[in-house]
Each structure stands twice: as structure tokens, then as C-alpha cells.
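Taking the hints into account, I'd like the entire structure generated from these sequences.
One line per chain: the protein sequences are A and B, in this order.
Taking this note's numbering, I'd label the letters of the first sequence as residues -12 to 234.
Taking this note's numbering, I'd label the letters of the second sequence as residues 21 to 355.
Treat the hints loosely; a few may be bogus.
Claimed, not checked - A partial selection of chain B residues facing chain A, derived with a Cβ cut-off under 7 angstroms: (1) 216; (2) 218; (3) 219; (4) 223; (5) 224; (6) 342.
Claimed, not checked - Okay, the calculated bits of chain A under chain B, using three or more residues with CB under 8 angstroms as the criterion: (7) 76 to 85; (8) 98 to 111.
To be verified - The following label-pair restraints were derived from C-beta to C-beta distances: (9) B/229 to A/54: 17 to 27 angstroms; (10) B/123 to A/164: 51 to 61 angstroms; (11) B/164 to A/52: 49 to 59 angstroms; (12) A/60 to B/123: 33 to 43 angstroms; (13) B/135 to A/64: 21 to 31 angstroms; (14) B/123 to A/64: 28 to 38 angstroms.
No lab work stands behind these hints, which were simulated from the structure alone.
Predicted, not measured: the structure shown is a model, and the values here were computed from it.
A virtual CB, placed ideally from N, CA and C, is assigned to each residue, including glycine.
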Amino acid sequence: MSEEPAMVQPMLEGRGIDKSFGAFKVLKAVDLAVASGEAVGIVGPNGAGKTTLFGVLAGALLPTAGTVRFAGADLTGTGAAARCRSGIARTHQVPRPFLGMSVFENALTAAQFGAGLSGSAAEDCAAEALERTALLNHANRPAAALGLLDRKRLELARALATRPRVILLDEIGGGLTEAELGLLITLIGQLKADGLTIVWIEHILHALLKVIDRLVCMSAGAVIAEGGPDAVMADPEVRRAYLGGSL
Amino acid sequence: MTTYAVERWTRSGRVTVGAAAGVLLVLALLPTLATGLVIDKLTTLFIYILLAVMWNLLAGYAGLVSVGQQAFFGVGGYLALRLVDAGMTPYLALIVGAVGAGLVAIPISTFALRLKGGEFAIAMWVIAEVLRIVVMFDPLVQGETGTSLLALNAFDPDLRRNLTYWLGLGALALMLSATMWLLRSRIGAAAQAIRDDEEAAASIGIDVMRVKQIIFVLAAFGCALAGTIWLASAITFLPRTNFGVQWTVFMLFMVLVGGLKTFEGPIIGAIIFFLLQEVFGDLGVWYLTGLGVIAVGFALYLPDGLWGTWRQRTGIDLLSGGVMLKNPVTVKRAT
Ligand SMILES: Nc1ncnc2c1ncn2[C@@H]1O[C@H](COP(=O)(O)OP(=O)(O)OP(=O)(O)O)[C@@H](O)[C@H]1O
Ligand SMILES: [Mg+2]
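So, in C-alpha cells, the structure goes:
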């Protein structure tokens, strides 16, 4: 049914993912495949299960059924730490900085563990991640002193400092001013140009459209449409579920 | 490629370490000058500092709030007794006994560390009680009656006092250095990340269980060393005392009053506790209650403790500091 060219081997793939919390089925047979170097956007109404899908892909949540494969290997039973070390990084929708550490130490720890670097290589990696995310001026401040926007930047810096091959971005653009959003889009575009594979959940469609190759729409725990952004947004089911007739 | 400069030791940090080494040297020579009473008192102080630093390592730096560290304090002493009974020289047995308690901590860690927060705290207390009961089954211990490390009586009292003192000082120096080294290593950073947010720590590649285990076993070993040195200075081994929950009250008090999450705080807390103990130590259960009330008061109204509060007010930090990126914007240079 798909007119997309078949991927030889996806970089990251979730197949038949079910996830229940108790009796509540949050994900229902979700399939998502992302090719190496591809940028995929995910949209969908609140509670669609987008963040939960990231949790399953990143290893924070164990799926009730289904498999997660990364770079050809089955990682379904692997924990979050090992997945990060093998190249899957994520940012959290609600930032989760290490509040008792400085901004630089947050990134440094990510470089040491996620990227497996030590000594000055780790320090350079952490500082570069802060530089890319415009946090270098705050490097020695306690993470607890950062406001929400800088905490979002720190999420991104920490994820980048793990030297990922795939990055899962969860509503990293929400709450930014247009100017800040512009900088973020430039940065994500650069990451893509560097060869990083990107999956980006975002409600701000125009931001997504500047970067992504393909759009996935989720609703009520299932993928209801995917493909070229224009085709997905024109899909009647998407308009019904996601836009609620407001567009 | 750019390189950045970092600083791990501030000037005041280096000065403090130097001064501490000097104090250590003076303390090491003290038995040639001071009276036996002073030596005994200082040995007790070393034990308190050691316990406080270990509890802070667990709770302050790794977020593992245990109310059962007396388990290792007691097991260390018990194993030392057993080793002496099997023919080992007493002072060696004190060290090997503590190592043994560290080994006992490994299997305990594999299930206790699966629990979080309050469940972990209570589980540790239960484990301490179970170990106390198990130890009481050993005929050597004679149940509630307890026993004594009589082999130490073979030493001349002055020599024994000094050896115990040096063992205490050596153990303290070793564990202070090990803790400082660990906290400044990547393991220390990982422990603090886990303390702040376990899921986020895992998401940046930190093996949460393994890091917790390292901290847990090290803290168990430190508490066990305190326990064997205590045994050497008290001679008697009473399950009710050596496995007593009062040790946890003491540790909580010292760390909360001195300052959780700082390197200096527990040392200051231990000195304050030592002085209080000198004045009120004989008042029994009311005193213990008073300590508990003060500790809770600090937790509620001055959660950073004396040193943490002082550090915030003055900005003076001696040893707790982490890694600083130097002049973040200007030092960048091409290589
Ligand atoms: N740990 C949990 N336990 C129980 N229910 C959960 C849990 N996590 C998420 N849910 C529920 O699963 C559903 C999907 O949540 P999820 O956070 O994945 O949605 P989302 O698509 O990311 O929404 P949003 O756009 O608001 O971020 C929601 O109804 C949520 O309440
Ligand atoms: Mg979400």
C-alpha cells in the first residue's frame, strides 16, 4: 500500500509495539521504521502515545509486545543505558536535568558514559555540546538555576554529548520564541546534515516541516498516517483526529 | 576541533588537602605526646567521622538513604571475632573482618538496591535485624550476653591503645581519600546523576545498578571498618549494641547537621556530635530522642546543614567542588 521506497535496513525500528499500563492500552501494534540519516516527524493529539513510544524505543519502558531493532540488532530486552551507549539518545518532554550538578557536569557525565569518552576528549565533547546549544555561557552554573528554556537546551546538549547515531527529540521546540525556534531549526538541520538520524515529536508543525523528510501521525495509540508531510496533513483521518476540525 | 580547559581543583581545595595532610601527620605523631584519655577520645572521634562520611557517600551522593548501616558495623566486628577465634592475629583480623563485611554487602546489594526510597531504607533496617539475630545463634557470641575480643588483652594496654588509634586514623585517612577520589571520578558523577534522576541517568548511558553497587559496597566496608575499630577500643561485643539502630541515628544526626551532599559537612557534624556526646552522652534514651529531633529539625528547616548553608552564604567551597569549565567563552582555541 505504501508508495515509499522500501528501506534496505532501517536504522531504528519498532515493530508491532504494544504498551499497556495496567488495563490501559496506550500503544496498539505501532510500527515505525527510520532509515539511517532520515528525519522523521511525529505529530498527534495529546495522549496519543508519542512519548510512550519514545520510552519504548529508548529502553525506559518495556513493551508489552513487539520488538525494537537498532542497526540490525534486536534490543527489545536491553536497558536504557546500554541502548544509549549503542547510539540512541533522547530528550525528555519535561526536562530532567541533574539538579545537583553544574550545566557542564551534566553534559560531561553524558560524554563519559553515553559516548564512553574520558579525560580531555570527554571534556571537549561536553563543551562542544554546550556550545552547539548556546549554553556555554552557563557552563558553570548549577543546573537548578536554569529556567525552562535553558533546561530544554540542556536536555539537547546532554543527548548530543552521548554522541548518538539516532536522536529522539520530544517537544524540544515548545514554548520557544520565533527567534529561538529559528535557531533550534538551524541546529537540528545541521545535525541532520552531519548524518544524525532524527525522530522529532512536535506540535509546532511549521518547525517540523523545515527539517523532516517524512511525517508520522499518531492517534489513540496507533499510527494513523505516514508519508510525505503534505499528504499526511491532507489525510482526512488526520484532520479529524489531530486537528479536530480546527483547521 | 576545539579544546577547552577545565579545572578540577580550586586553589582553596589544594590548600585544604595540604592542610589535611599536615593535620594527619600531627595526629599520627600524637601518641608520643598526648595522654591515654586523649588518644581514646580521638579514636572515638575518628570512628564517628568515618561513619558520617560513609553515610553521606550513600545518602548524600548516591541518594541511598539507609537506616541499616549498623548491619555492616556489626558484621565487621563479628567476623573479626570469628577470625581471631580461628587463630588470626587480632589487628589483622580487624581489617580482614571489615573486608569480609564488604563482601557480605555484595549479595545484599543485589536485592536491596532493587528497592527505592523508603522501601530501601526499611529493607536495610530489616537486614540489620536479621543479621543480628543470625549472629546471636553463633555459640561464640553467646546470644544477648555477648563476648569480648580477649586476644587484645595480650597486648600491653598502652600499645593496644596506640595501635587501635593508628588503625582508626589510618582507616579514616584511607576512606576519606578513597571517597574523595571516587567522588571526583566518573563514578562519583554517575552516582550524583542517579541521585538527582535515576531514569535520566540511565538515558545518558549510566549503568544505574552497577554504580549503586560500587557505592553501597564501599560504604559497607567503611562502616564495617568503623565497627571493627569500635570493637578494638570497646573490647566487648554485644549484638544489641554493635548492631544497634543508634548508629544510624548518630549517622543521620552528623550528616544532616553538618551538611548532606558536601564533603566537609559530615566531618563538621561528627565533631559537633562528638562534643555533644562528651556532655550529654550519659543521658540515655532522652538524649537519643533529642538527637533525632534535632536531625529532623535540620532536615526540615536547614536541609543543607551547617556547612551547606555556610557555603551558600559565603561562596566558600573547600573540597566539595566539581569540574569547572574555565572562562567558557574565551579559552576556546584551535588546535
Ligand atoms: N506511566 C504511565 N502510567 C499510566 N499511564 C500512562 C503512563 N504514561 C503515560 N500514560 C498515559 O498514556 C497515554 C499516552 O501518554 P503519552 O505521554 O505517551 O502521550 P503523548 O502523545 O506524548 O501526549 P502529549 O502530546 O500530551 O505529550 C496518556 O493517556 C497518559 O496518561
Ligand atoms: Mg508527550
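Open item on the list: Tell me the hint numbers this structure goes against, listed in increasing order.
Closed with: 2
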